[in-house]
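Chains as they are written, first to last, in our numbering: chain A, 84 to 179; chain B, 84 to 179; chain C, 84 to 179; chain D, 84 to 179; chain E, 84 to 179; chain F, 84 to 179; chain G, 84 to 179; chain H, 84 to 179; chain I, 84 to 179; chain J, 84 to 179.
Mixed in with the good hints, there may be bad ones.
[Stated by the list, open to error] Straight line, CA to CA, 20 Å or less: simulated SDA-like cross-link-like pairs of lysine to any residue:
1. G:K124 / I:L156
2. A:K124 / B:V169
3. H:K124 / I:L156
4. I:K124 / I:L156
5. H:K115 / J:P175
6. E:K115 / E:D99
7. E:K124 / E:G176
8. G:K124 / I:V169
9. J:K124 / J:R105
10. F:K124 / E:P174
11. H:K124 / J:D149
12. F:K124 / F:L156
13. G:K115 / G:P95
14. F:K124 / F:D97
15. H:K115 / J:D149
[Stated by the list, open to error] Pulled from the structure, derived: some chain E residues nowhere near chain D, Cβ distances all over 10 Å:
16. F86
17. P100
18. R103
19. R113
20. E116
21. A134
22. D143
23. A144
24. V164
25. P166
26. A168
[To be verified] If you want the ones that stay clear, here's a sample from chain B, every Cβ over 12 Å from chain C, calculated:
27. P100
28. Q119
29. G121
30. K124
What the hints contain is simulated information worked out from the structure, not anything from laboratory work.
If you're wondering where the values come from, they're calculated on a predicted model, not measured in any experiment.
Positions of the beta carbon are idealized from the N, C-alpha and C atoms, including for glycine.
Residues per chain are reported as follows:
There are 10 protein chains.
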Amino acid sequence: MEFLVHIEVNWPPDGDPDERRRLAEAEMARGKELAQAGLMKRLWRIPGRWANWGLWEAPDATALHDAVASLPLWPWMTVEVHPVAVHPNDPPGYMS
Amino acid sequence: MEFLVHIEVNWPPDGDPDERRRLAEAEMARGKELAQAGLMKRLWRIPGRWANWGLWEAPDATALHDAVASLPLWPWMTVEVHPVAVHPNDPPGYMS
Amino acid sequence: MEFLVHIEVNWPPDGDPDERRRLAEAEMARGKELAQAGLMKRLWRIPGRWANWGLWEAPDATALHDAVASLPLWPWMTVEVHPVAVHPNDPPGYMS
Amino acid sequence: MEFLVHIEVNWPPDGDPDERRRLAEAEMARGKELAQAGLMKRLWRIPGRWANWGLWEAPDATALHDAVASLPLWPWMTVEVHPVAVHPNDPPGYMS
Amino acid sequence: MEFLVHIEVNWPPDGDPDERRRLAEAEMARGKELAQAGLMKRLWRIPGRWANWGLWEAPDATALHDAVASLPLWPWMTVEVHPVAVHPNDPPGYMS
Amino acid sequence: MEFLVHIEVNWPPDGDPDERRRLAEAEMARGKELAQAGLMKRLWRIPGRWANWGLWEAPDATALHDAVASLPLWPWMTVEVHPVAVHPNDPPGYMS
Amino acid sequence: MEFLVHIEVNWPPDGDPDERRRLAEAEMARGKELAQAGLMKRLWRIPGRWANWGLWEAPDATALHDAVASLPLWPWMTVEVHPVAVHPNDPPGYMS
Amino acid sequence: MEFLVHIEVNWPPDGDPDERRRLAEAEMARGKELAQAGLMKRLWRIPGRWANWGLWEAPDATALHDAVASLPLWPWMTVEVHPVAVHPNDPPGYMS
Amino acid sequence: MEFLVHIEVNWPPDGDPDERRRLAEAEMARGKELAQAGLMKRLWRIPGRWANWGLWEAPDATALHDAVASLPLWPWMTVEVHPVAVHPNDPPGYMS
Amino acid sequence: MEFLVHIEVNWPPDGDPDERRRLAEAEMARGKELAQAGLMKRLWRIPGRWANWGLWEAPDATALHDAVASLPLWPWMTVEVHPVAVHPNDPPGYMS
């Protein structure tokens, strides 16, 4: 099942730049693992913000939660999950 | 450039079922054209509603508007466009 | 997977009382089928409104959509779906 | 009388991990007591967040308040209480 | 148990004045019955609007719903119910 | 003139417990004075929150402000004042 | 006591122009009466809308309601009343 | 003085197409007059909607209102006016 | 041109009382200057809050910004400016 | 492609005035570079706030993000990007 996930990162402006760099690197590394596991399929930056929209796939909301909450920046995140259903007009369904 | 587009269809509960059927068919046909033109890439139903999230791609907001406004159900739609930027952690960027 | 579903019924104050009665009966009949199929597990009325909260269970958002949209009053409904995950402190998980 | 209760935990990202662990354990212990007393009947995690939806039962809002406010994490919580009424189509009412 | 109830009446500006008069009279009559039954204890007009705040008392949300939904103008109402708990500083609790 | 007043207390989770106790006692004492002066007539706790709804009476908004702002916890409060008008169906108006 | 009152007029785009003209004239006439009675002190148009902000003065919310509800366009209005208190820095208080 | 103006056109989906065409033409003609008078300086379509953002210039809010309300589609519009002030970093101020 | 200005002061509950006193005095002094310059014409306290509504007059939004931003408490303020237009029914326009 | 960009600067009231001065100067310098590169075309102050509306132009949302995020005050900003499409009635399109 797919989910559209909206994530804002609430990093304090006066946060430690070293910790920020370290976390951002760990975030990218963990993101790659989630991508290789097929959980995170797409990620788009929301222009002007430290925020993103992602297309995730997981068996259910429990597995999705575990994946999102495993991100190193999770304690600083505000996350909104939009469950999505299959649409009969979804292009991959009839284009091949 | 990609866009996440949120569409609600405000069809009146007592609308004419024949017109609804005709419009839904025309919608699917036009949707296929937009998919084949590479404008509409994904479409997800929002569960419980006559509404969808779509992933669209267009050179700019003007071309996107023309594509969305060409849908037969457009006069009944409430549309919100979210422009998205490339994210360095987007899986297709490093998985191959 | 469980979902909390919020439903408002937007029936016009001057709607036909006969159609309303007929639809309410069909609604109850369809609701029983969904309950027997294990899709609708609980239903609570929101006091003061023609509205309810429901606990639904379905394999995914697509099956949930099909169940909700099969309700006879669906064209008059505004539906919001909240996906929920298993909580380690959920009482049925440790009470027996 | 049943209540649907929405709880967000606003724990600071730089909060003390030891206190967090201690509080989470106390929370689970207190939750079990409330479950055994029949006050907390179901608990669902909201995916992506430190938050939950719960189904609670109490004689009235005063007893409900006392139960919720007895949770060790209560000072960090934002709580919204939705009172719910019996629905004639509630499955447990006619399935046996 | 007490409830604070917010009611807006959405009467169409071009509604039939005779029906409006008839409904307003029936509303007052039914209101008196609910007051005498101890269900409706106070009613305040929201200045500038066809709307009110009320203090209601009922054994639970189900009984409250039945009372509110028995009002002749109910089909035109938008109702929001706020459950309230006993406060230790409530003046009637210590003034006598 | 009566007012419905909504008060949230934004006390920090890590606030000093001694100051909190001292303030809560002072709050109750000041509340009693306001009740005896006829300014605060009812007070209800909002379940699950450190918040209340109150029924206040004052000659005008200026006197109401002075009363509310005299509460010891006022610097931590978010207050919303709803002015209310006499309703012809208010039970005390015709029950005696 | 003074009130800031926000009024939107929800006149249907296809409403009868003659009725609109007649109502607007009656509105102005009634407005003058309210001004001469000292109830309506200032009126500002909200640019771009059929809407206004007004400064009203009345003994209490009940008298204010009666004044606003006496406007011929009242059935088409959405009204929000903001009670205001005397401010120690209010210029008329110290300028003379 | 400049204003950013947000306009939504609420044309009914089943509105008369001839009237719509006639109004759209009159709208463009009136728009040109306002542009030539220096009142409307820029106009951007909001993608996916019958809506626009405009940059207007007028001596004050009264003149702006008269300009906007002179548009033939005004009865169908929802308009929000954002007054803007000169910014010291505004490019035209230092580029020449 | 007149403006209705809504100001909230976000002073921290544990802020230094001496600085608060000093700022409040400076605020009143600066307010008097703005009043004498004809920029601030009325000021109303919002009951229950450290907040006010003001009626300001300035040649344009730039001059208004300079006036508001000159207030000593400005760094702690959240300000919303509502531009207002002359209304044909404004009492001072026809009462003399 | 053009974008309307809304920026709020959340500078703490007790922030270091020297850092603020240094950042504001760096902001102006960086703004000039973005203007000369044709990315930032207009900038308007939102009266009463440390906030602005800007008209930006960039090939796509990715380039826009890079430009906005290069501003020295970006860590303190809340940014909302509104993509805009070409409007057939845009004055520069037919005035020359």
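Structure-based check of each hint:
Restraint check for G:K124 and I:L156: the C-alpha separation of about 30 Å exceeds 20 Å, so the hint is violated. Note on A:K124 and B:V169: the hinted pairing holds, with a Cα-Cα distance of about 14 Å set against a maximum of 20 Å. Between H:K124 and I:L156 the CA atoms are separated by roughly 36 Å; this puts the pair beyond 20 Å, and the hint is violated. Between I:K124 and I:L156, the direct Cα distance comes to roughly 19 Å. Compliance with the 20 Å bound is thereby established for this hinted pair.
For the hint pairing H:K115 with J:P175, the CA-to-CA distance comes to about 10 Å; that is within 20 Å, so the pair holds. Pair hint E:K115 plus E:D99 does not hold up; C-alpha atoms about 24 Å apart against a cutoff of 20 Å. Only pairs whose Cα atoms come within 20 Å are accepted, and E:K124 paired with E:G176 is accepted, the gap being roughly 17 Å. With a C-alpha separation of about 14 Å, the suggested pairing of G:K124 with I:V169 holds against the 20 Å cut-off.
Between the alpha carbons of J:K124 and J:R105 the distance comes to roughly 24 Å, so the proposed pair goes past 20 Å and is violated. Among the hinted pairs, F:K124 with E:P174 is consistent with the structure: their alpha-carbon atoms are about 6 Å apart, no more than 20 Å. Taking the CA atoms of H:K124 and J:D149, the gap is about 28 Å. The hint is violated against a cut of 20 Å. About 19 Å separates the Cα atoms of F:K124 and F:L156, which keeps this hinted pair within 20 Å; it holds.
With a C-alpha separation of about 25 Å, the suggested pairing of G:K115 with G:P95 is violated against the 20 Å cut-off. At roughly 32 Å between alpha-carbon atoms, F:K124 and F:D97 are farther apart than 20 Å, so this suggested pair is violated. In summary, the hint linking H:K115 to J:D149 is not supported, as the alpha carbons are separated by about 36 Å, beyond the 20 Å threshold. The claim that E:F86 lies off the interface is violated: its Cβ sits roughly 8 Å from the closest Cβ of chain D, which falls inside the 10 Å cut-off.
At roughly 34 Å from the closest C-beta of chain D, the C-beta of E:P100 stays outside 10 Å, upholding its exclusion from the interface. No beta-carbon of chain D is positioned within 10 Å of the beta-carbon of E:R103; the least distance is around 29 Å. The Cβ of E:R113 lies farther than 10 Å from every Cβ of chain D, with a closest approach of about 19 Å, so its non-interface assignment holds. For E:E116, the requirement that its beta carbon stay farther than 10 Å from each beta carbon of chain D is met, with the minimum near 20 Å.
Every beta carbon of chain D lies more than 10 Å from that of E:A134, the smallest distance being close to 21 Å; the non-interface claim holds. Listed as outside the interface, E:D143 is inconsistent with that label: its C-beta sits roughly 4 Å from the nearest C-beta of chain D, within the 10 Å cut-off. Chain D draws E:A144 into its interface by the beta-carbon criterion, the shortest separation being 4 Å against a cut-off of 10 Å. A beta-carbon of chain D is positioned within 10 Å of the beta-carbon of E:V164; the least distance is around 6 Å.
The non-interface label for E:P166 is inconsistent with chain D: the shortest C-beta to C-beta separation is roughly 4 Å, within 10 Å. Not every beta carbon of chain D lies more than 10 Å from that of E:A168, the smallest distance being close to 4 Å; the non-interface claim is violated. With a least beta-carbon separation of about 10 Å from chain C, B:P100 fails to lie farther than 12 Å from that chain, contradicting its non-interface assignment. Every Cβ of chain C is farther than 12 Å from the Cβ of B:Q119; the closest lies at roughly 24 Å, confirming the non-interface assignment.
Listed as outside the interface, B:G121 is consistent with that label: its C-beta sits roughly 26 Å from the nearest C-beta of chain C, beyond the 12 Å cut-off. With a cut of 12 Å on Cβ distances, B:K124 stays outside the contact zone with chain C, its closest approach being about 19 Å.
Checked against the numbered hints listed earlier, the structure breaks hints 1, 3, 6, 9, 11, 13, 14, 15, 16, 22, 23, 24, 25, 26, 27; every other hint is satisfied.
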